[in-house]
Amino acid sequence: MLKKLDLTPGTLVFLGALLLFFSAFLFYPLWYAFVKSVVVDGQFTLTFFKLLVTNPVQREAILNSFRLGMITTLATTVLALPLAFLMVRYDFRGKSIQNGLILVPMVLPPFVGAIGMRQMFARFGSINLLLMDIGVIAEPIDWFGGGGLLGVVILEVLHLYPIMFLNVAAALANVDPSLEEAARNLGSRGFKLFRTVTFPLMLPGYFAGAIIVFIWAFTDLGTPLIFNYRQVVAVEIFNAVSDTNENPMAYALVVFVLVLTVFFFYLSKAVMGRGRYEMIARGHVGSVSQKASTRMTVIIHVLMLSLTAVAILPHISVVLTSISERWFMSVLPQEITGKYYGMVFDHPMALSSIKMSLMLSIFSTTLDVVLGISIAYLLTRTRIPGKGILDAVSMLPLALPGIVLAFGYLAGYSGTILDARNYPVPLLVIAYAVRRLPYMVRSAYAGFQQSSITLEEAAMNLGASRWRTLREITFPLILANLVAGGILCFSFAMLEVSDSLILALKDEYYPITKAIYSLLGRIADGPYIASAMGIFGMILLMVSLFLSGRFLGRRLGELFRV
Amino acid sequence: MVSVTLENVTKRFGNVVAVDRVSLDIGKGEFFFLLGPSGCGKTTLLRIIAGFYQPEGGRILFDARDLTDVPPNKRNTGMVFQNYALWPHMTVRQNVEYGLRMRDVPASEMARRSQQALERVQMGPYADRTSNQLSGGQQQRVALARALVIEPDAVLLDEPLSNLDARLRLEMREQIQELHRDLGITMIYVTHDQKEALSMADRMAVMRAGQVAQLGAPRTLYCRPNSRFVADFIGEINLLPGDVTSTDPLQIETPNGPILSALDSTHKKGERALCSIRPEAIHFLPDGEDAGSDNVLPGKVRHVIYLGDVEQYNVDLADGTQVKVVEHNPLHRVAAEGDNVRLRFSPEAVVVLPEETDPC
Chain A
0 MLKKLDLTPG TLVFLGALLL FFSAFLFYPL WYAFVKSVVV DGQFTLTFFK LLVTNPVQRE
60 AILNSFRLGM ITTLATTVLA LPLAFLMVRY DFRGKSIQNG LILVPMVLPP FVGAIGMRQM
120 FARFGSINLL LMDIGVIAEP IDWFGGGGLL GVVILEVLHL YPIMFLNVAA ALANVDPSLE
180 EAARNLGSRG FKLFRTVTFP LMLPGYFAGA IIVFIWAFTD LGTPLIFNYR QVVAVEIFNA
240 VSDTNENPMA YALVVFVLVL TVFFFYLSKA VMGRGRYEMI ARGHVGSVSQ KASTRMTVII
300 HVLMLSLTAV AILPHISVVL TSISERWFMS VLPQEITGKY YGMVFDHPMA LSSIKMSLML
360 SIFSTTLDVV LGISIAYLLT RTRIPGKGIL DAVSMLPLAL PGIVLAFGYL AGYSGTILDA
420 RNYPVPLLVI AYAVRRLPYM VRSAYAGFQQ SSITLEEAAM NLGASRWRTL REITFPLILA
480 NLVAGGILCF SFAMLEVSDS LILALKDEYY PITKAIYSLL GRIADGPYIA SAMGIFGMIL
540 LMVSLFLSGR FLGRRLGELF RV
Chain W
492 MVSVTLENVT KRFGNVVAVD RVSLDIGKGE FFFLLGPSGC GKTTLLRIIA GFYQPEGGRI
552 LFDARDLTDV PPNKRNTGMV FQNYALWPHM TVRQNVEYGL RMRDVPASEM ARRSQQALER
612 VQMGPYADRT SNQLSGGQQQ RVALARALVI EPDAVLLDEP LSNLDARLRL EMREQIQELH
672 RDLGITMIYV THDQKEALSM ADRMAVMRAG QVAQLGAPRT LYCRPNSRFV ADFIGEINLL
732 PGDVTSTDPL QIETPNGPIL SALDSTHKKG ERALCSIRPE AIHFLPDGED AGSDNVLPGK
792 VRHVIYLGDV EQYNVDLADG TQVKVVEHNP LHRVAAEGDN VRLRFSPEAV VVLPEETDPC
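Keeping their order, the protein sequence lines are chains A and W.
Take the first sequence: its position 487, counted from the start at 1, is 486 in the working numbering, and no numbers get skipped.
In the working numbering, each number is its position in the second sequence, counted from 1, plus 491.
I should point out that these hints are in silico values taken from the structure, not numbers from a laboratory.
The model shown is predicted, which means the values in this text are computed figures rather than measured ones.
A couple of the hints might just be wrong.
Now the in silico label distances, taken between C-beta atoms and shown as ranges [as the list claims (entries may be wrong)]: (1) Gly505(W) / Leu192(A): 41 to 47 Å; (2) Gln449(A) / Glu642(W): 30 to 36 Å; (3) Arg715(W) / Pro8(A): 50 to 56 Å; (4) Leu19(A) / Gly505(W): 27 to 33 Å; (5) Arg470(A) / Glu642(W): 24 to 30 Å; (6) Arg715(W) / Arg470(A): 50 to 56 Å; (7) Arg603(W) / Arg470(A): 25 to 31 Å.
Even glycine gets a Cβ: it sits at the ideal position worked out from N, Cα and C.
The following block holds chain A by itself, in its conformation from the complex (with noise of 0.2 Å):
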């Protein structure tokens, strides 16, 4: 407000700190391994991409990878589209209910979900038990035949169709309703009309839901771990991780992702800017949805509550290993058990873990939250040069695979005072703020949009500091967001994976991801011990993103898209 910019010392020394933090935590580590895939032995070559090509095994790990993003998003939109539509076009009792149910299978890490599907879809799990002992088959069929594709895109599916939804409701709630009336004035109905002008006008939203799912599936790093579908590019970068020599093909992989994903972002972008139609239209806000008679109300009911309770089954699962104390060539347990629990706090590795997460989860919030405050009153508050640029920059995270920055920090730092292999605190804290800054950004964000300034004017009009009145009407007026953004900072933190498989590589130092992947590996009750603490995962998620969904209200959706 004063003088043309708002630069006084301390915006200026905040906002050098923030160019020195980007600088060094997101940009170094991008182009240190930009820079280690291009100069092997001060030689510039492009020989590593060539082998990307040309490598059978590097080829088949990016081939794999595309299969296993494009299956999802195809499938995530057969599963999506047609649930947005009911829910978008109909009002029926309990609507609101379904709209919630329609979120619970995010809220669930898939990383303990595959624990649970593994044992479901095992030769001799549960599905072909169950099969077998009311007849349907005769032999236990190979449900993860060809190398584990099909569970690996089954347990994606299920956990992005949400995010699928999210996005693709958002769009068919735009289409201004008018449009539609048009067509159907002229004649148009039926699939036809969703043909020729709903699904073209809702397309940009699509497009956005799809590439985030894409990029996310394509990116995965916990699932094809624990199924143990190795053949994909984010298990080779990890694999490369344990690799004593430096192996310029990682750093290779690695830039095609990146490269992959900025390149689908840049797409997305553009679609989204050139293709802002269901705009252009608005006038009157006609009543989009229908009452469902009583028949379209229970096959609504039906449909979603079935979907739901599939895609809720691995983690089931993951409840009943927690429990067992038997369970083997059995539909359920035969015998059930809470001592799994009490290990959680007995293992030297569980606890540990759990003390680790504690501690690096509440580090990497706080860190969030000044710098999201801070970011977001800048943003929304002040003049200052290169706004644009610190909006895209405190953002582009959210569109930048885990894998990617994890291994830009390990390789990146190796031999410097922060190397992960040995002392992986400060980088995994950085790891987990610099991923999560987004949402915290966000919320901050939408916060001080909806106060309105003259309330901070006021403040001052009457005698109160710049800070007297951020302290005493900005943050009480918006405290539910920045409450909302730490839970979500907070709960992400407790259960990030990748970074925690990259980077923890002392066992005295695993987060919970990293410590419920070794136990899996070992064989006696590790796994029981993983699915218990897989358990404690899921109800941390399930209650923070519950919190914060009551903060943030229906604000909550807006946060999963891009």
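We have chain A; now place chain W onto it with these hints.
The following block gives chain W in isolation, referenced to the frame of chain A:
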């Protein structure tokens, strides 16, 4: 209570000059109005006085103190915002006490003063409610109490009544005027509503494109506008262009006949000029009656609009120019549509204005 002086204040937003070298002297205890159409810079000027905008040039003085570089929280003004800006997370009392808390007023005195301020605006019984439990008018009263309780050097009001319905607006007008009378505090009031300004102001400045078009008492601005813009913006006006044919007495030759003006003017013989006459200054001259020294123009009634307190006649002059004539509460219709009439108006009612090329 202070006098507020603006010296050559200029404010730009990008390439737009929002306030253009404005100088004003607002006296101690004066009720001063900034009036103008939207986008004329009046709100910007008020926000400069409050300290929310920093001008690119010029100075702001309270008495002799230069406040140009003083932040808003150190200026001791009480501002009333257009949207009231009551804090929703505080009760009415907490809202009112806020400014006192900033001034470290002891608790007992704070309670006494906030109660008194609330009672002054008849909001005493509502002290423990939150702002979203109040109606628009009640919120406005609380906003007033909050601004007044700190005993500010000047009260700044930014279109405070624009969100209220017509009846409430009239009521609040009287109340604000009463507060000003009782407290004798310097008040600067921004509005686009000319009736508000005319009825309440000691003095007012009509603004146009970032500059003060005319400054003066309401009566002066209404009866002696200095430009077509001011004449047009405040009230209704009839404008008849012509050539100055004589300066003593001042006579303008228009296509509808000569018009005499008895008011002072700097116009020279041969210049183009505009005769401006308020509709209520024009009357119908009954058949056979002599107009004496008054101006007389023939015309034909095109349209009659009955508005209750007044009746408006749209009259076509000989060359087709339309003129509005207003009779106050006529007992019966003075003229009917299609009637040929003679319009008479006193030379005292004719303000001669320079002809402007840019009519805005």
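- List in ascending order the numbers of the hints, as given earlier, that are violated by the structure. none
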